[in-house]
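For the sequence shown, position 80 (counting from the first letter as 1) is numbered 80 according to our numbering, and the numbering increases by one without interruption.
None of these hints come from the bench; they were simulated from the model.
Cβ coordinates follow ideal geometry from the N, Cα and C atoms, glycine included.
Heads up, a few of these hints could be off.
Once the Cα atoms are required to be at most 25 Å apart in a straight line, the calculated DSS-like pairs of lysine-lysine come out as [what the hints assert, rightly or not]:
(1) Lys32 x Lys119
(2) Lys119 x Lys101
(3) Lys33 x Lys44
Distance ranges between label pairs, derived from CB positions [to be verified]:
(4) Ala81 x Gln35: 37 to 43 Å
(5) Ile64 x Phe91: 34 to 40 Å
(6) Lys86 x Thr10: 15 to 21 Å
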Amino acid sequence: MKGIDQAMNTLPCQGCKGLCCGPVPITGKEFKKIQKKVKTFPRKIRERLERQPRFFGTCIFYDIEQDQCGIHDVRPEICRAFGYHKELVCFRKPELATKEKISFKESPVGYLSIDFTWKDF
Numbered sequence: 001m002k003g004i005d006q007a008m009n010t011l012p013c014q015g016c017k018g019l020c021c022g023p024v025p026i027t028g029k030e031f032k033k034i035q036k037k038v039k040t041f042p043r044k045i046r047e048r049l050e051r052q053p054r055f056f057g058t059c060i061f062y063d064i065e066q067d068q069c070g071i072h073d074v075r076p077e078i079c080r081a082f083g084y085h086k087e088l089v090c091f092r093k094p095e096l097a098t099k100e101k102i103s104f105k106e107s108p109v110g111y112l113s114i115d116f117t118w119k120d121f
């Protein structure tokens, strides 16, 4: 039963093509974690991600070919909270946004794709 409940509370990201993935504010700590992760990418993966076309403001790490986050294990806090808080509603499954307003411990230092681009990683 737990597996069914968990599946029912999952965001329907497959097929979304990253439309909700941006702009993504990141903190200094998140920037460093992402930078460290990207340095471990094999050259082919990095190059494939870099040359993918994106809508303006969409996260540079959203892998449109794989239809998934390219840095999922180090994704920013806002990405982890998206869809579950009232001010971060998923348009495909708005009923999941039951948590109150999110408060972040650290202020963002910029936005992925706008302030931070591939040259920063």
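Check: Does 34 to 40 Å hold as the CB distance between Ile64 and Phe91, or does it fail?
Finding: violated, 18 Å
Notebook entry, point to check: Holds or violated: 37 to 43 Å for the Cβ distance of Ala81 and Gln35?
Noted result: At roughly 22 Å between Cβ atoms, Gln35 and Ala81 fall outside 37 to 43 Å, so the hint is violated.
Item checked: Pairwise beta carbon distance, Lys86 to Thr10, judged against the given window 15 to 21 Å -> Given about 18 Å between the Cβ atoms, the range holds.
Check: Going straight from one Cα to the other, do Lys33 and Lys44 come out at no more than 25 Å?
Finding: Between Lys33 and Lys44 the Cα gap is close to 21 Å, so the pair holds against 25 Å.
Notebook entry, point to check: Under the criterion that the straight-line Cα-Cα distance not exceed 25 Å, is the pair Lys119, Lys101 satisfied?
Noted result: violated, 33 Å
Item checked: Satisfaction of hint between Lys119 and Lys32, Cα-Cα up to 25 Å -> This hinted pair holds, its Cα atoms lying about 14 Å apart.
The structure is inconsistent with the numbered hints 2, 4, 5, although it conforms to all the rest.
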